[in-house]
Amino acid sequence: GPQGVGGVGEQAQEALEEMMEELERSDQRQDEALRRTLAELDESIRKLITQQEAELKRIATTIAGGLEGTGLDAGMIALHQNTLDVLGKAEAGKGPGVEKIASLIDSAAQSQSAATVSLRARELIEAEAHERASLSKLQSALEEISKQEEQAEERDAARQRAQLRKAYQELLEQQVAIKAETDPLVG
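Numbering (this note's numbering), first residue to last: 927 to 1113.
Okay, derived cross-link-like pairs now, PhoX-like style, lysine-lysine, Cα gap no bigger than 25 angstroms in a straight line:
id, residue 1, residue 2
1, K1105, K1092
2, K973, K983
3, K1026, K1015
Honestly, the hints are just simulated from the structure, not real lab data.
Input sequences plus hints: build the corresponding full structure.
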């Protein structure tokens, strides 16, 4: 027979729910990809920080010893290259959170370049200041990663709560339907 208005409405409702679920799954996949990117960046930036700290120790020792600091630029050039590699990974990652991290890594790389120039000019105090700026920016990038990871976890928890609520709602609706079918049999 011809479908009643209720049937069309139900179909539209089901289609809408299907679309919403697909959007949820898409968001979930994006968050999973983001979390993988963040985990990789976290590991890489920790290595850069260790490397930058080692370079800072070298320059401090050189300054304290009143040495010229020949060859100190080689370590900074290597660090700069590694930082650019990590920057490439960050820029390949999607999302506004990753853009902020990439921007901080980029700033660190610029400070490293400036440090290398100062080292070559034997301007050790200036070079040390640039290296400290680099370290600070790398640490800020690490903090930003933590913040982004927490936000992704919160979104995940919210999705799980929504799925539980939906499952609970469906269960209630089934119980109401069963009750409606069995009630006439009681009297």
